[in-house]
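Q: Next come the chains, spelled out residue by residue.
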Amino acid sequence: MAEITFDGVTKIFGDDIRAVDELSLHVADGEFMVLVGPSGCGKTTALRMLAGLEDITSGSLSIGGAVVNNVLPKDRDVAMVFQNYALYPHMSVEKNIGFALKIRGDSKSEIKRKVGEAAAILHLTDYLERRPKALSGGQRQRVAMGRAIVRSPQAFLMDEPLSNLDAQLRVEMRLEIARIQRILGVATVYVTHDQVEAMTMGDRVAVLRAGKLQQVDTPQDLYDHPANEFVAGFMGSPPMNLVRCHVRPGDDRVEVDFGDQTIELPWHYTSSHELPASGLDVVVGVRPEDVIITDASSPNTIKTRVERREALGAEILVHLSHLDSSADALANEQGALRDISRRSSLVAKMGPRVQVAVGDVLSVQISPEHAHFFDATTGVTLRKRKP
Amino acid sequence: MSERSAHMSVMTSSAPRVRRMTLRRRRQVAGFLFALPAIALVVGFIGVPIGQAVYYSFTQWNGLTSTWIGPSTWAQAFHNSNLWTALENNALLLLAVPFALGLPLGIAVLLHQRVAGWRIFRSIYFLPTAISWVVLGLVAERFFAYQGTLNSIIHALGFSHVNTNMLGYESTALSALGITFVFTMIGTNTMLFLTGLATLDPSLEEAARIDGAGSWRIFRSITLPHLSRFIQLAFVMTVIALFSALFSLIFVMTGGGPGYATTTMEFLIYQTGFNQGDFGTAALYGLILFVLTGIVGVVQLRLIGSNE
Ligand SMILES: Nc1ncnc2c1ncn2[C@@H]1O[C@H](COP(=O)(O)OP(=O)(O)OP(=O)(O)O)[C@@H](O)[C@H]1O
Ligand SMILES: [Mg+2]
Chain A
1 MAEITFDGVT KIFGDDIRAV DELSLHVADG EFMVLVGPSG CGKTTALRML
51 AGLEDITSGS LSIGGAVVNN VLPKDRDVAM VFQNYALYPH MSVEKNIGFA
101 LKIRGDSKSE IKRKVGEAAA ILHLTDYLER RPKALSGGQR QRVAMGRAIV
151 RSPQAFLMDE PLSNLDAQLR VEMRLEIARI QRILGVATVY VTHDQVEAMT
201 MGDRVAVLRA GKLQQVDTPQ DLYDHPANEF VAGFMGSPPM NLVRCHVRPG
251 DDRVEVDFGD QTIELPWHYT SSHELPASGL DVVVGVRPED VIITDASSPN
301 TIKTRVERRE ALGAEILVHL SHLDSSADAL ANEQGALRDI SRRSSLVAKM
351 GPRVQVAVGD VLSVQISPEH AHFFDATTGV TLRKRKP
Chain B
1 MSERSAHMSV MTSSAPRVRR MTLRRRRQVA GFLFALPAIA LVVGFIGVPI
51 GQAVYYSFTQ WNGLTSTWIG PSTWAQAFHN SNLWTALENN ALLLLAVPFA
101 LGLPLGIAVL LHQRVAGWRI FRSIYFLPTA ISWVVLGLVA ERFFAYQGTL
151 NSIIHALGFS HVNTNMLGYE STALSALGIT FVFTMIGTNT MLFLTGLATL
201 DPSLEEAARI DGAGSWRIFR SITLPHLSRF IQLAFVMTVI ALFSALFSLI
251 FVMTGGGPGY ATTTMEFLIY QTGFNQGDFG TAALYGLILF VLTGIVGVVQ
301 LRLIGSNE
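Just so you know, the sequences run in chain order A and B. Just so it is clear: in the first sequence, position 93 is 93 by our numbering, and no numbers are missing. Just so it is clear: in the second sequence, position 2 is 2 by our numbering, and no numbers are missing.
Among the hints, erroneous ones may be present.
The following residues of chain A were derived to be distant from chain B, with all beta-carbon distances above 12 angstroms [unchecked claim]:
# : residue
1 : 8
2 : 75
3 : 309
4 : 315
5 : 359
So the derived list for chain B, only partly shown, Cβ under 7 angstroms to chain A, looks like this [what the hints assert, rightly or not]:
#  : residue
6  : 209
7  : 210
8  : 211
9  : 212
10 : 213
Which stretches of chain A does chain B cover? Using the computed rule of at least three CB atoms under 8 angstroms from a CB of chain B, they are [to be verified]:
#  : stretch
11 : 78-86
12 : 100-110
Just so you know, these hints were derived from the structure itself, not from any lab. Yeah, the Cβ is synthetic: ideal placement off N, Cα and C, and Gly gets one too.
All chains should be built: construct the whole structure from the sequences, respecting the hints.
A: Shown next as structure tokens:
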């Protein structure tokens, strides 16, 4: 068991493909770290460098305090679960799981005992004699896990281990992997592009974009206090509404213009955030669950029109466009064109029993304590520090 | 309602009209029909000649007229020491097979790892494959000759008093032939193994490396098992080539000599038939060779089948 430290690690493929760019990240001993980000952002590359399968262009990478830049994979004592599992096809499940132990020179009885234990944890005891070909996807996944845990390595590395499973099995294995990791207490780096996995499994989550680290935080902090527009938009489903507006910080309140409508937010944003001078643009972020329908008589609302409605069973996503005075006229026009030509600008998440239909005009409020402000040019949060 | 009953009546009336074969039966019939052309070709070009060979082995045949003499050829043939020499030579040449497989395997693994210079080497090993065995035989003959390349190399290395003449002695001619055979097989077998290696999932090797395996262990535990099918195939092809494709090499390199030192079954058939005009005995030898090759093939098919 050991901690893992990326210190300015960079990987350049060929001449100019910066797959990982100055990555600095510390994974504490026993910690479950999730690497998340869109496709091609360098997650796999970071993991492969950690495993020793890919050379490091610059920077230093250490496991358990020792720099491993030039250590061969076989001497790093890390275990990896591959996306396609990479089970040895001509070996039985038992041999697959015990392969590393055999190479290490453990005695036959020792191997049998450890493989037996791992198989019991993973409910594989009945399949030990089978070849991988004769296993279901979920069983193969568990064999791949077994191969990793049987070694009691310094660290677990997992590259989208659940992406080949169906939705239900994924939920099951998600819990299973998190449970096993907690029991074993081995530092784990887990790559995924599934934000539910990221939110539910990680002690902390590192968000990558185009090879650069965007933010590392606990899942809740990441969700509540995204460091920039990218993280705000990436975490959460549906993503946070990001609307470019004027702000007017005042003495007792902050006024935000949505088109030609204005809402007021509490004054404390001026102290917790670095808001720009009156009249300049910012990007205001509001989570869909913080867009609240009220009746037209309540203060501080904006008028919106329902453009689209997606019923997801437990909740309804309502796509809204805010009505400008110019748009108001448009909304009153009849005709099919109107429905398809207008873009929605806010998504609201509502309870399943809310009665809304396309074309309804709704008054919505923004949950006053849950607004986010981002710099209009850099996208970086304007929050001064975590509250 | 009426539409539905009409539909029903079609269903019931169609049953007796079309006599339904079971799916299994229909597959068998279709399979037979598709195999028919191949069966006809095999019977026509292989079955008939084999039958003829069996017939001629009971005759005295000079290529033009044949007279039935019964099984006497069979009785005599097994007393002919040349037959036993040829069989022994064939058996000894089998010793070349491990080399004809091992060398290409090593080369393929190295090429697969993209060792320095692999592009050039790829062309070099491939070249013999594209050259006629007659030409290869001529080149080999020049190589082993008293004033040939091999001795030049030995002299260049400083051993000027050493002179080899492998093709000139009964004790070494067969070895020279075996070495030449190995060389001619390298290209084909290397290609076969490279194809096998290309189908090896690279993440298996990565997984093994992370599991702590070194190169040798990866070769033994991952690469070799993966290649086993390809090695079996190469084995069959090599043995069959050894039994039935050495003729051109022998013809240009040694003519079967010195003495009978490099006469294989294949060459013996030629000599018996065309040099001695005894086509009846030649046909019998042909049958023996056919049976031997057939045994290798059957054993091999069994091996491959048992892996399923
Ligand atoms: N061997 C390679 N040679 C050249 N470029 C590569 C190589 N491997 C990866 N890349 C590039 O590096 C970048 C990062 O790739 P990587 O596989 O790490 O992405 P990822 O975050 O794992 O994506 P995904 O979620 O799709 O798996 C990509 O732009 C990719 O094209
Ligand atoms: Mg990846």
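Q: With reference to the structure, classify each hint as holding or not holding.
A: Results for each hint:
no., hint, verdict
1, 8, "24 angstroms, holds"
2, 75, "8 angstroms, violated"
3, 309, "40 angstroms, holds"
4, 315, "39 angstroms, holds"
5, 359, "42 angstroms, holds"
6, 209, "4 angstroms, holds"
7, 210, "5 angstroms, holds"
8, 211, "4 angstroms, holds"
9, 212, "4 angstroms, holds"
10, 213, "5 angstroms, holds"
11, 78-86, "holds (count 6)"
12, 100-110, "holds (count 3)"
When held up to the earlier numbered hints, the structure conflicts with hint 2 and nothing else.
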